[in-house]
Amino acid sequence: MTDDAALVQRCLGGEEAAARELVERFQALVFSLCFRMLGQREDAEDVAQDVFLRTFRSLKGWDPKRSLKPWILAIAANRCRTALKARPRNTVGGALHLNEAVAAGSADARDLADELETAVGGLRDDYRLCFLLFYQEELSCAEIANVMTCPEGTVKTWLHRARRELAERLRRRGVVPNVEYQLH
Amino acid sequence: MSNTNCTEFSRLLEEAVESRLPVDTPALRGHAAECTGCKAAWLDAVLLDGALAQWKTKKMLSPVDLTDAVLFRQTADADDRLAVINLDAVRLSTVRLPPVVPLARRPLARRPRWLSRRTAAAAAMVLATVVCVPLLSGRLVSGRLGLRQGNLDMASVPLPSAPHPIVLTNSLTKQTPPTQMPQSSAAARPVRPKQVPAKPVADAPVETVVEDAQSAYLDLAREAAQAVAGASVLVPRPGPAAATAPAVDENDRWVDDVGREFEPVSKNLSQAFQFLFEAVPAEKAPAT
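So the protein lines, in turn, are chains X and D.
Note that numbering that gives the first Met the number 0 gives residue 43 to position 44 of the first sequence, counting from 1, and the numbers run on in steps of one.
Note that numbering that gives the first Met the number 0 gives residue 160 to position 161 of the second sequence, counting from 1, and the numbers run on in steps of one.
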């Protein structure tokens, strides 16, 4: 029995310590995904709590042959998409959170990471979710396809477009790679 | 001079991205230095690689601890569910029957959409036919009352005016069913097959066939209504003599007297059937 399966068994047995352990193990992953998808900390906390509540309710349906992480991330992705749909259309959540996150740093912290964070917030929801699942949660394309319930080819296309859009935004912001001179 | 062409470059770049490997490899760099089109893609990939490396290592978010909140909400959620279950149990234990509303005050049940007025009338006719034909043939009377056929002459029972039994004719095949309605010995009447104008099925459109079937059933129902409207039903006379069961030794005398005890009650059902037929348009209704 895997570690995940044992933990789930303990949770299903009603053991509070197991439930606590499960939350502690996955809360950083879930919260960061929710935060980067929703752009507001309060919303992200609410949705992350919902994710874990739904996880506990659905634990009986989890297949022990599969990894627990993509399964929980699938719940998180669905909750994020539902929360985004429930928002008014004129809310620019992505750009908002990035400014907050960047402002939390030092005054001259507008480095490459901050620029990328801002650029990620401007991506389309599907592209952003795909990009975050791939680079932040480090899921494979096949796992992302399962999470987002779409073909693997679509995931690759979205990932490619997300990377292209991000690079274009970074270039527009004046960020250039420092390797160009080596080509000439 | 690089040996990598543009197709190979694209494949290698895609593999590196999907495998999260660095894109600044000699093969890719060599081709990018020679090919202007591929150079832009490679520079974008290198730019993103650098940004991603910083993005992953930099803590953009302050840590969050959701454990207590989640466990609290989970406990509250479980309590709510338990409360709902208990509330359901209380509701079930204290269930009260609704107050009896007099029939006249009850709201009329809404007729289902699929049951049109015409269909309801036709169904009522067919139902009346099914119920009344055995009654008129004497089977129901003799069976329910346990009367002996010999002691009570069914010929003395006033029979409906319809002088013939109903014979179903298949309008589609123009064939009369081989079996006719069962007839009592006294109520045997000449058979007059129901003539239903029928069209050849192969040439007739579906709407026409449906209309034929509808008109055939309506004619059947009208005929049954005429028969039922002229029927008389024998019921025991009210009073203690009729209600008391006879003694065993007095059985024969009771059977002899049963003719006198019975009272013919004529029920004029024509008004009821007239009401139902008024609901059906006289002309052919369009097929539905």
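These are calculated hints, taken from the structure and not from any lab test.
Note that the structure is predicted; figures quoted are calculated from it, not measured.
Warning: the hint list may mix true and false statements.
Keeping only pairs whose Cα atoms sit at most 27 angstroms apart, straight-line, the calculated DSSO-like set for lysine-lysine is [as the list claims (entries may be wrong)]:
| # | chain 1 | residue 1 | chain 2 | residue 2 |
| --- | --- | --- | --- | --- |
| 1 | X | Lys155 | D | Lys38 |
| 2 | X | Lys84 | X | Lys64 |
| 3 | X | Lys68 | D | Lys57 |
| 4 | X | Lys84 | X | Lys155 |
| 5 | D | Lys55 | X | Lys155 |
| 6 | X | Lys68 | D | Lys38 |
| 7 | D | Lys55 | D | Lys38 |
| 8 | X | Lys68 | X | Lys155 |
| 9 | D | Lys57 | X | Lys155 |
| 10 | X | Lys155 | X | Lys59 |
With beta-carbon atoms standing in for the labels, derived distance ranges [as the list claims (entries may be wrong)]:
| # | chain 1 | residue 1 | chain 2 | residue 2 | range |
| --- | --- | --- | --- | --- | --- |
| 11 | D | Arg72 | X | Pro63 | 23 to 29 angstroms |
| 12 | D | Cys5 | X | Arg80 | 21 to 27 angstroms |
| 13 | X | Arg56 | D | Thr56 | 18 to 24 angstroms |
| 14 | X | Arg80 | D | Thr35 | 50 to 56 angstroms |
| 15 | D | Glu13 | X | Asp62 | 27 to 33 angstroms |
| 16 | D | Pro62 | X | Ala4 | 26 to 32 angstroms |
| 17 | X | Asp124 | D | Asp67 | 29 to 35 angstroms |
Ideal Cβ placement from N, Cα and C applies to all residues, glycine included.
Checklist line | CB-CB spacing for Thr56/D and Arg56/X relative to the 18 to 24 angstroms hint | finding: Given range 18 to 24 angstroms: violated, Cβ gap about 36 angstroms.
Note to self: Between the alpha carbons of Lys57/D and Lys155/X, is the straight-line distance 27 angstroms or under?
What the structure shows: With a Cα-Cα distance of about 26 angstroms, the restraint between Lys57/D and Lys155/X holds, given a limit of 27 angstroms.
Margin query: Run the distance test for Lys68/X versus Lys57/D: straight-line Cα separation, threshold 27 angstroms.
Written below: 22 angstroms, holds
Note to self: If I claimed the Cβ atoms of Arg72/D and Pro63/X lie 23 to 29 angstroms apart, would that claim hold in this structure?
What the structure shows: Holds - the Cβ-Cβ distance for Arg72/D and Pro63/X, about 26 angstroms, lies within 23 to 29 angstroms.
Notebook entry, point to check: Between Cys5/D and Arg80/X, does the beta-carbon spacing fit 21 to 27 angstroms?
Noted result: 37 angstroms, violated
Next item on the list: With a cut-off of 27 angstroms on the C-alpha distance, tell me whether Lys68/X and Lys38/D pass.
Entry: 37 angstroms, violated
Notebook entry, point to check: Do the beta carbons of Asp124/X and Asp67/D sit within 29 to 35 angstroms of each other?
Noted result: Holds - the Cβ-Cβ distance for Asp124/X and Asp67/D, about 31 angstroms, lies within 29 to 35 angstroms.
Item checked: Restraint status (C-alpha distance of Lys155/X to Lys38/D at most 27 angstroms) -> With a Cα-Cα distance of about 21 angstroms, the restraint between Lys155/X and Lys38/D holds, given a limit of 27 angstroms.
Notebook entry, point to check: Are Lys68/X and Lys155/X close enough, with their CA atoms no more than 27 angstroms apart?
Noted result: 21 angstroms, holds
Margin query: Tell me if the straight-line CA distance from Lys84/X to Lys64/X falls inside 27 angstroms.
Written below: 32 angstroms, violated
Note to self: Need the status of pair Lys55/D, Lys155/X: alpha-carbon distance at most 27 angstroms?
What the structure shows: Holds, because 21 angstroms separates the two Cα atoms, which is no more than 27 angstroms.
Check: Is 50 to 56 angstroms a correct range for the gap between the Cβ atoms of Arg80/X and Thr35/D?
Finding: Roughly 40 angstroms apart at Cβ, these two residues miss the hinted range, so it is violated.
Hints 2, 6, 10, 12, 13, 14, counting from the list given before, are not met by this structure.
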